[in-house]
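2 protein chains.
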Amino acid sequence: MSETCVLVLDAEPLPRLDRLAGRARVVHADEKTLADQLPEADVLLVWDFLSDAVREAWPGDGPRPRWVHTPSAGVDRLLPELADGRDTVITNARGVFDRPIAEYVLGLVLAMAKDFRGTWELQRQRRWRHRETFRVGGSRATVVGSGPIGREIGRALLALGVKVDLVGRTARDTDPEFGQVHATAALPGLLGEADWVVCVAPLTQESTGMFNAGMFARMKPEAHFVNVGRGAHVVEEDLVDALLEHRIKGAALDVFAEEPLPADSKLWDVPGLLISPHMSGDTVGWRDDLAEQFLDNFDRWEAGEPLLNVVDKHLGYVPTSPAAPPN
Amino acid sequence: MSETCVLVLDAEPLPRLDRLAGRARVVHADEKTLADQLPEADVLLVWDFLSDAVREAWPGDGPRPRWVHTPSAGVDRLLPELADGRDTVITNARGVFDRPIAEYVLGLVLAMAKDFRGTWELQRQRRWRHRETFRVGGSRATVVGSGPIGREIGRALLALGVKVDLVGRTARDTDPEFGQVHATAALPGLLGEADWVVCVAPLTQESTGMFNAGMFARMKPEAHFVNVGRGAHVVEEDLVDALLEHRIKGAALDVFAEEPLPADSKLWDVPGLLISPHMSGDTVGWRDDLAEQFLDNFDRWEAGEPLLNVVDKHLGYVPTSPAAPPN
Numbered sequence: 001m002s003e004t005c006v007l008v009l010d011a012e013p014l015p016r017l018d019r020l021a022g023r024a025r026v027v028h029a030d031e032k033t034l035a036d037q038l039p040e041a042d043v044l045l046v047w048d049f050l051s052d053a054v055r056e057a058w059p060g061d062g063p064r065p066r067w068v069h070t071p072s073a074g075v076d077r078l079l080p081e082l083a084d085g086r087d088t089v090i091t092n093a094r095g096v097f098d099r100p101i102a103e104y105v106l107g108l109v110l111a112m113a114k115d116f117r118g119t120w121e122l123q124r125q126r127r128w129r130h131r132e133t134f135r136v137g138g139s140r141a142t143v144v145g146s147g148p149i150g151r152e153i154g155r156a157l158l159a160l161g162v163k164v165d166l167v168g169r170t171a172r173d174t175d176p177e178f179g180q181v182h183a184t185a186a187l188p189g190l191l192g193e194a195d196w197v198v199c200v201a202p203l204t205q206e207s208t209g210m211f212n213a214g215m216f217a218r219m220k221p222e223a224h225f226v227n228v229g230r231g232a233h234v235v236e237e238d239l240v241d242a243l244l245e246h247r248i249k250g251a252a253l254d255v256f257a258e259e260p261l262p263a264d265s266k267l268w269d270v271p272g273l274l275i276s277p278h279m280s281g282d283t284v285g286w287r288d289d290l291a292e293q294f295l296d297n298f299d300r301w302e303a304g305e306p307l308l309n310v311v312d313k314h315l316g317y318v319p320t321s322p323a324a325p326p327n
Numbered sequence: 328m329s330e331t332c333v334l335v336l337d338a339e340p341l342p343r344l345d346r347l348a349g350r351a352r353v354v355h356a357d358e359k360t361l362a363d364q365l366p367e368a369d370v371l372l373v374w375d376f377l378s379d380a381v382r383e384a385w386p387g388d389g390p391r392p393r394w395v396h397t398p399s400a401g402v403d404r405l406l407p408e409l410a411d412g413r414d415t416v417i418t419n420a421r422g423v424f425d426r427p428i429a430e431y432v433l434g435l436v437l438a439m440a441k442d443f444r445g446t447w448e449l450q451r452q453r454r455w456r457h458r459e460t461f462r463v464g465g466s467r468a469t470v471v472g473s474g475p476i477g478r479e480i481g482r483a484l485l486a487l488g489v490k491v492d493l494v495g496r497t498a499r500d501t502d503p504e505f506g507q508v509h510a511t512a513a514l515p516g517l518l519g520e521a522d523w524v525v526c527v528a529p530l531t532q533e534s535t536g537m538f539n540a541g542m543f544a545r546m547k548p549e550a551h552f553v554n555v556g557r558g559a560h561v562v563e564e565d566l567v568d569a570l571l572e573h574r575i576k577g578a579a580l581d582v583f584a585e586e587p588l589p590a591d592s593k594l595w596d597v598p599g600l601l602i603s604p605h606m607s608g609d610t611v612g613w614r615d616d617l618a619e620q621f622l623d624n625f626d627r628w629e630a631g632e633p634l635l636n637v638v639d640k641h642l643g644y645v646p647t648s649p650a651a652p653p654n
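If you're matching them up, the sequences are chains A and B in order. Reading the first sequence from the start, the letters are residues 1 to 327 in our numbering. Reading the second sequence from the start, the letters are residues 328 to 654 in our numbering.
Just chain A, same shape as in the assembly (with noise of 0.2 Å):
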């Protein structure tokens, strides 16, 4: 049997490396030599996992990756093109980003009912401006998104009083946790409850701006929208009449349709609006986390055993329990 040939697409350095030795041969690609290295792979790493390359370089019938890995929680910059390959099996980094993600969007809810960013410009001017601000406990979010990362967020805020709303593609009458999921079709109803709503969904095709006037105009004029989800569930020109007509209080976008965002977005300064860079889930240590899942799974892919996380093609995600409907 000949060696198992990883290509990995690299961006940052691959840490741990070393437990491949001897066991596999590892060829580095970059977008441009992707194509042409594709077809001798084996094991695609998409260790660069913002790029989109891998979908423009996919050589559809041709020779190809038996698995290709994701070290990212979504699997949008591979579907739909990897998606008709029978014999390919992709797998994502589901559970690396649940806490950091969950400490993340707790992090930005409490910062904006208590207004820190409003206090630290003051605390830049000099000023001393008491204030009211807005109790948690008490208040009521709506998540849309059910899978690990969107419960663990659902957890923090539970943990904190807040009344947790959780929408996802399946409904279920009973959660041990929540109560009960919400399907799709009741979040309409849900937004004008919410003091918080925010998303986490996997982006498909259906979810694609979802996001849109239509549903900030549902929302409560003190409501407040987080998105650590994918940029492209945001139609962002609405969100930003949203904010400047004051149809909702409030937003904070950790992804963005263009990424990183140009520097002459008008986003930058919408006001109300916080920016980060895509770094809601990224804790100290992430990178050698992701490695190790990676490596995790090689052991079983070598072992003959089945792979940890597979992605369901046509859902978009790992679907959360074996249970799950098929497609």
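Just so you know, these hints were derived from the structure itself, not from any lab. Glycine included, each C-beta is placed from N, C-alpha and C at the ideal position. It is possible that part of the hints are untrue.
[Stated by the list, open to error] Some residues of chain A that are not near chain B, with every Cβ distance over 12 Å (derived):
#, residue
1, Asp30
2, Asp61
3, Gly62
4, Lys163
5, Pro176
6, Ala186
7, Ala217
8, Gln293
9, Arg300
10, Leu307
11, Leu308
12, Asp312
[What the hints assert, rightly or not] Partial list, derived from the structure: chain B residues whose beta carbon lies under 7 Å from chain A:
#, residue
13, Tyr431
14, Leu437
15, Ala438
16, Trp447
17, Val463
18, Gly464
19, Ala486
20, Ser603
21, Pro604
22, Thr610
23, Val611
Given chain A's structure and the hints, the job is docking chain B onto it.
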């Protein structure tokens, strides 16, 4: 029996006063008239709880109110002058600020871990700069102050997966939520382990200036300090040095030796120092809650029942349980 005279030292208007109609004669004082009016009052409501006027105007052995209520958690602005009035009961706002301050501290901890201030400063400059942030779960906090606010802060941190060491005047070997409560003498030993040190102690003679150069020297270079107690707990000069010399990573102060913090204070622009204007507990509706709490206690006063939240004038706070040791 003559009508009860309730003297109110005003700052902001007092809501819900109609509840006293027909039950008491309400007289309003300001800092100048207070000394003349005190001898006639049965009850003093220190609505302007940031004022030091009561201590200055206190008539000592002369005729004086039998009940003084301060709508604040700390009573340091009344002591020690009022401690000798054996027949004067002091009550405070125990309970009202627990959840709001816990939320505020949790928000500060998350904001510092995720460097929100740095992110929003970059936003102001229209700069996209991804950084790695810190995970709060798994970190360790020392909370100095084991009263209701300290415990609520501890609970909020525990819920995020933080290991919490609670420090109080009275050590306890067993505590249902925190395992144990450490004695103040144990604090220096705990500081070297803490990622977060939170001061929420009552201000007493012993706790004045407790956070000094020696204490900051024991903290880790990556640790953060938060003060929501009283400004006088901290030797501000020593904190500034600790920050400027990178002996600790950051700090957030909500309280100061002098309030409002003067515009020319050097504190405003110390790197790594977050300043807020004594507002951690003040959520929308707080003045209503404080007025209600006083009025509920007035019902008890009128009925001859024991008052709630009676301060031990020698300890300087309301003991947590009747089992607390006598002074």
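Item to check | Earlier hints that do not hold, by number | outcome: Every hint satisfied by this model.
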